[in-house]
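Asker: Listed here are the chains, written in short residue letters.
2 protein chains.
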Amino acid sequence: MQIIKNESIDQIKTRIRQQTSKTIDPIVASRVENIIATVREKGDAALKAYAQEFDGVTLNELKVSAAQIDLAVKNVAPEVIKALEKAAANIRSFHQLEIQQAFEDSPRPGVIRGTKITPLSAVGIYVPGGTAAYPSSVLMNALPAKIAGVQHIIMVTPPQKEGLNDAVLAAARIAGIDSIYQVGGAQAIAALAYGTESIPQVDKITGPGNAYVATAKRAVYGQVAIDMIAGPSEIGILADDSARAKDIAADLLSQAEHDKNARAILITNSEKLAQAVSDEVNVQLKTLPREDIARDAIDNNGFIYLVETIDDMIDLMNAVAPEHLEIQLENAYDYIDKIQNAGSVFLGKYASEPLGDYLAGPNHILPTGGTARFSSALGVWDFQKRIQYLSYSQDALLDDADDVTVLAREEGLAGHARAIEVRQS
Amino acid sequence: MQIIKNESIDQIKTRIRQQTSKTIDPIVASRVENIIATVREKGDAALKAYAQEFDGVTLNELKVSAAQIDLAVKNVAPEVIKALEKAAANIRSFHQLEIQQAFEDSPRPGVIRGTKITPLSAVGIYVPGGTAAYPSSVLMNALPAKIAGVQHIIMVTPPQKEGLNDAVLAAARIAGIDSIYQVGGAQAIAALAYGTESIPQVDKITGPGNAYVATAKRAVYGQVAIDMIAGPSEIGILADDSARAKDIAADLLSQAEHDKNARAILITNSEKLAQAVSDEVNVQLKTLPREDIARDAIDNNGFIYLVETIDDMIDLMNAVAPEHLEIQLENAYDYIDKIQNAGSVFLGKYASEPLGDYLAGPNHILPTGGTARFSSALGVWDFQKRIQYLSYSQDALLDDADDVTVLAREEGLAGHARAIEVRQS
Numbered sequence: 013m014q015i016i017k018n019e020s021i022d023q024i025k026t027r028i029r030q031q032t033s034k035t036i037d038p039i040v041a042s043r044v045e046n047i048i049a050t051v052r053e054k055g056d057a058a059l060k061a062y063a064q065e066f067d068g069v070t071l072n073e074l075k076v077s078a079a080q081i082d083l084a085v086k087n088v089a090p091e092v093i094k095a096l097e098k099a100a101a102n103i104r105s106f107h108q109l110e111i112q113q114a115f116e117d118s119p120r121p122g123v124i125r126g127t128k129i130t131p132l133s134a135v136g137i138y139v140p141g142g143t144a145a146y147p148s149s150v151l152m153n154a155l156p157a158k159i160a161g162v163q164h165i166i167m168v169t170p171p172q173k174e175g176l177n178d179a180v181l182a183a184a185r186i187a188g189i190d191s192i193y194q195v196g197g198a199q200a201i202a203a204l205a206y207g208t209e210s211i212p213q214v215d216k217i218t219g220p221g222n223a224y225v226a227t228a229k230r231a232v233y234g235q236v237a238i239d240m241i242a243g244p245s246e247i248g249i250l251a252d253d254s255a256r257a258k259d260i261a262a263d264l265l266s267q268a269e270h271d272k273n274a275r276a277i278l279i280t281n282s283e284k285l286a287q288a289v290s291d292e293v294n295v296q297l298k299t300l301p302r303e304d305i306a307r308d309a310i311d312n313n314g315f316i317y318l319v320e321t322i323d324d325m326i327d328l329m330n331a332v333a334p335e336h337l338e339i340q341l342e343n344a345y346d347y348i349d350k351i352q353n354a355g356s357v358f359l360g361k362y363a364s365e366p367l368g369d370y371l372a373g374p375n376h377i378l379p380t381g382g383t384a385r386f387s388s389a390l391g392v393w394d395f396q397k398r399i400q401y402l403s404y405s406q407d408a409l410l411d412d413a414d415d416v417t418v419l420a421r422e423e424g425l426a427g428h429a430r431a432i433e434v435r436q437s
Numbered sequence: 013m014q015i016i017k018n019e020s021i022d023q024i025k026t027r028i029r030q031q032t033s034k035t036i037d038p039i040v041a042s043r044v045e046n047i048i049a050t051v052r053e054k055g056d057a058a059l060k061a062y063a064q065e066f067d068g069v070t071l072n073e074l075k076v077s078a079a080q081i082d083l084a085v086k087n088v089a090p091e092v093i094k095a096l097e098k099a100a101a102n103i104r105s106f107h108q109l110e111i112q113q114a115f116e117d118s119p120r121p122g123v124i125r126g127t128k129i130t131p132l133s134a135v136g137i138y139v140p141g142g143t144a145a146y147p148s149s150v151l152m153n154a155l156p157a158k159i160a161g162v163q164h165i166i167m168v169t170p171p172q173k174e175g176l177n178d179a180v181l182a183a184a185r186i187a188g189i190d191s192i193y194q195v196g197g198a199q200a201i202a203a204l205a206y207g208t209e210s211i212p213q214v215d216k217i218t219g220p221g222n223a224y225v226a227t228a229k230r231a232v233y234g235q236v237a238i239d240m241i242a243g244p245s246e247i248g249i250l251a252d253d254s255a256r257a258k259d260i261a262a263d264l265l266s267q268a269e270h271d272k273n274a275r276a277i278l279i280t281n282s283e284k285l286a287q288a289v290s291d292e293v294n295v296q297l298k299t300l301p302r303e304d305i306a307r308d309a310i311d312n313n314g315f316i317y318l319v320e321t322i323d324d325m326i327d328l329m330n331a332v333a334p335e336h337l338e339i340q341l342e343n344a345y346d347y348i349d350k351i352q353n354a355g356s357v358f359l360g361k362y363a364s365e366p367l368g369d370y371l372a373g374p375n376h377i378l379p380t381g382g383t384a385r386f387s388s389a390l391g392v393w394d395f396q397k398r399i400q401y402l403s404y405s406q407d408a409l410l411d412d413a414d415d416v417t418v419l420a421r422e423e424g425l426a427g428h429a430r431a432i433e434v435r436q437s
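Quick note, the sequences are listed as chains A and B, same order. Residue numbers for the first sequence follow the working numbering, beginning at 13 and rising by one. Residue numbers for the second sequence follow the working numbering, beginning at 13 and rising by one.
Where hints are given, some of them may not hold.
Note: identical chains are not told apart, hence a pair may lie in one copy or across any two.
As the list claims (entries may be wrong) - Here are the simulated BS3-like pairs of lysine-lysine, each with C-alpha atoms no more than 30 angstroms apart in a straight line:
hint : residue 1 : residue 2
1    : Lys284    : Lys94
2    : Lys54     : Lys284
3    : Lys54     : Lys98
4    : Lys284    : Lys17
5    : Lys258    : Lys75
6    : Lys128    : Lys75
7    : Lys25     : Lys54
8    : Lys173    : Lys17
9    : Lys128    : Lys173
10   : Lys284    : Lys258
11   : Lys75     : Lys25
12   : Lys25     : Lys284
13   : Lys17     : Lys86
14   : Lys128    : Lys284
15   : Lys86     : Lys350
16   : Lys272    : Lys75
17   : Lys17     : Lys75
18   : Lys128    : Lys54
19   : Lys75     : Lys284
20   : Lys350    : Lys54
21   : Lys173    : Lys25
Because the hints were derived from the structure by calculation, they are not lab data.
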């Protein structure tokens with residue numbers, strides 16, 4: 013791993029900004045537009061044709077039957093089912109804390125103002141196929157939607173020549189998802205956004221996918237809501253001499269193994285630790301099953317920044333705005349207040365990031381690519397909306413009438429003023 | 013106004029869906045891409061060149077000086093300042109109810125899970141120019157951001173040959189915005205998303221604009237957050253025989269006067285009211301200063317749907333998902349529970365929609381074009397993000413280790429399993 017030292021904080025920040033600047037591939041964008049138009053025009057027939065063309069699978073039915081799900085559940089090892097159920101319980105208990113409360117006030121007699129909270133009606137969950145078919149992500153997507161009160165949760169996942177992933181179907185069953193359709197890529201996003209004969213239109217689409225999925229989500233944004241446009245996984249670690257190089261190297265590699273574009277960043281004030289982690293990453297890489305992917309990620313986007321103080325370490329990490337942030341410092345909990353930008357924070361040497369990926373309860377669908385500057389983990393709030401309401405008595409209206417008409421006329425909107433004035437007579 | 017009767021609820025829903033289907037203009041999209049690339053490359057020089065080309069204004073400085081704002085405040089009539097200050101107080105007191113609380117739990121010894129709430133660092137507010145320069149929108153955008161704790165609120169507004177709108181600058185002063193730049197259109201959105209020499213990069217861009225602004229917001233979405241892609245104004249009214257045709261006609265026209273593509277919809281179970289409103293709209297149109305705009309809106313997108321029951325009325329209105337919804341029924345408050353899709357609801361015959369546009373406190377930046385299915389009024393939550401955190405003791409880690417490694421290996425991610433295993437020894 014490359015160790016960067018003797019650079020100023022500002023130099024490093026510029027380097028970090030350049031690493032996360034986003035561009036859209038116009039060729040992918042144009043193909044995606046074409047796929048979306050075809051799905052809107054031809055519906056299920058287009059989805060089946062794409063399954064043949066892109067996935068090499070002939071489908072009679074898009075929908076996965078209850079019998080198929082039953083069979084899948086039986087094929088999954090009991091210890092996996094048990095672990096998924098434990099994870100589901102923890103995810104539920106954490107996300108229940110996120111439920112939002114309606115509110116109402118009456119600032120003066122005759123006026124009532126409030127906001128009600130209501131779930132979205134239908135949500136679509138995208139679950140990737142192949143080696144990126146993760147049952148844990150099914151739970152992380154679906155359970156907050158369930159807790160929010162969403163009535164219709166529809167899952168889509170690409171058809172596979174060898175059949176769908178059993179554990180993914182088992183996770184869907186545990187999460188209470190009954191509607192699963194075999195459709196992937198941009199065509200799945202189009203189907204969820206506009207509906208087809210068999211797939212209902214949804215209000216929001218969540219879940220990660222490849223470049224086609226991400227580009228399609230951007231294209232249908234506004235027609236439906238989307239959670240985010242997800243990029244490669246990331247981990248940032250703040251550590252000093254109190255941390256163990258073995259732990260840090262393993263945690264960096266746990267994200268590096270996801271994707272050759274994954275980012276793994278250590279920021280430390282210890283030259284000794286920097287060197288030890290760099291060495292340990294090389295040692296651990298050699299015995300990692302996904303060595304090739306992880307090595308590419310470390311070579312391309314693995315950096316150790318050596319700076320002088322803990323304050324500088326935190327300042328830089330806020331500029332990184334990592335998806336996952338580990339704080340391996342003494343009294344890690346005390347640093348939470350200083351963290352401005354991160355998706356999910358892991359405190360202390362035992363809170364290894366994979367605990368959050370699988371079991372502890374906080375969500376693992378998180379902002380990437382620096383977007384933690386302005387966005388948050390997937391949560392119950394993603395599946396609810398807020399409807400304002402207002403009630404006025406006649407007296408209250410008369411009290412406020414002049415101020416409203418003054419502002420309406422100032423803005424050149426006489427019709428707005430008139431709506432008040434017709435009620436004054 | 014066209015009265016639609018003797019259609020089934022399903023027929024009307026299909027009609028409504030067709031009215032709100034969205035498409036992107038590829039010519040606008042291509043011009044916007046070009047403008048964004050130019051601003052990223054040339055910065056302030058590009059912004060000044062566009063001011064010359066699109067707005068016909070030669071700018072030495074992009075930033076509006078404090079002296080300019082002082083002068084503008086003096087030019088605004090005292091009753092307008094008073095009304096803006098009253099509006100600001102009401103907007104503040106309502107949005108203070110939206111502040112979200114952090115939470116933390118400890119599900120078992122050694123495990124701490126929580127979420128902290130933190131404001132975005134910098135936000136950009138787009139304020140249209142010309143006849144759509146609305147001081148009320150400045151308050152509605154900026155005050156929730158202030159309450160959320162945003163440190164840097166940057167306003168952009170197109171340069172005007174006759175100078176910027178005094179009331180807009182006065183509203184900015186009242187809202188506590190100090191950084192105002194004369195830049196509009198797609199170039200303003202590009203500047204806020206990527207930063208230039210004089211305009212700082214922001215984390216989120218809010219506020220409505222024309223097709224170029226909306227398309228640019230879509231293009232930079234992901235680089236920064238955006239509030240929504242706003243469309244023309246809308247009003248939906250539920251009314252029965254207890255309502256007055258004059259009030260309803262005035263309220264329908266108050267939205268119709270905004271834009272020739274505005275939507276104005278009445279759903280009623282009273283044929284008498286339907287006819288009376290249709291007649292009254294024709295009468296009121298003749299004396300409206302913005303008659304031409306409002307008449308186009310009413311002709312294109314003004315509909316009265318006549319159905320049999322109040323339940324059918326509500327069901328249909330939920331399919332419309334209007335930006336503004338008035339319930340002019342007896343005991344209007346009792347119907348809130350049945351409203352699933354609307355931006356902001358106005359209850360009873362005296363809660364005329366312009367009260368919400370200007371004075372009452374709930375936000376007037378609302379989802380349009382049916383997007384109230386999945387999105388909400390602008391609020392404090394738009395300017396905050398949530399950062400999850402997790403702490404584990406060594407014992408807690410050992411307890412959960414097997415379940416984590418089982419799931420990691422099931423997903424083929426041995427590196428994830430190893431991050432746990434290195435801590436077991």
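Asker: Work down the list of hints and note, for each, if the structure agrees.
Answerer: Going through the hints against the structure:
1. Lys284 x Lys94: neither (42 angstroms within a copy, 64 angstroms between copies)
2. Lys54 x Lys284: neither (62 angstroms within a copy, 43 angstroms between copies)
3. Lys54 x Lys98: neither (42 angstroms within a copy, 54 angstroms between copies)
4. Lys284 x Lys17: Answer is within; shortest intra-copy Cα gap is 13 angstroms, inter-copy 80 angstroms.
5. Lys258 x Lys75: Cα proximity of lysine 258 and lysine 75: none, with 46 angstroms in one copy and 52 angstroms across.
6. Lys128 x Lys75: Classified as neither; 35 angstroms inside a copy, 40 angstroms across copies.
7. Lys25 x Lys54: between (48 angstroms within a copy, 21 angstroms between copies)
8. Lys173 x Lys17: neither (49 angstroms within a copy, 52 angstroms between copies)
9. Lys128 x Lys173: neither (46 angstroms within a copy, 44 angstroms between copies)
10. Lys284 x Lys258: within (13 angstroms within a copy, 80 angstroms between copies)
11. Lys75 x Lys25: between (48 angstroms within a copy, 26 angstroms between copies)
12. Lys25 x Lys284: within (23 angstroms within a copy, 68 angstroms between copies)
13. Lys17 x Lys86: neither (54 angstroms within a copy, 55 angstroms between copies)
14. Lys128 x Lys284: Neither way: lysine 128 and lysine 284 sit 55 angstroms apart in one copy and 33 angstroms across, limit 30 angstroms.
15. Lys86 x Lys350: For lysine 86 and lysine 350, the Cα distance exceeds 30 angstroms both inside one copy (47 angstroms) and across copies (42 angstroms).
16. Lys272 x Lys75: For lysine 272 and lysine 75, the Cα distance exceeds 30 angstroms both inside one copy (33 angstroms) and across copies (43 angstroms).
17. Lys17 x Lys75: neither (55 angstroms within a copy, 38 angstroms between copies)
18. Lys128 x Lys54: Result: close neither inside a copy nor across copies, 39 angstroms intra and 46 angstroms inter.
19. Lys75 x Lys284: Classified as neither; 56 angstroms inside a copy, 48 angstroms across copies.
20. Lys350 x Lys54: Neither: 52 angstroms inside a copy, 35 angstroms across copies.
21. Lys173 x Lys25: neither (45 angstroms within a copy, 40 angstroms between copies)
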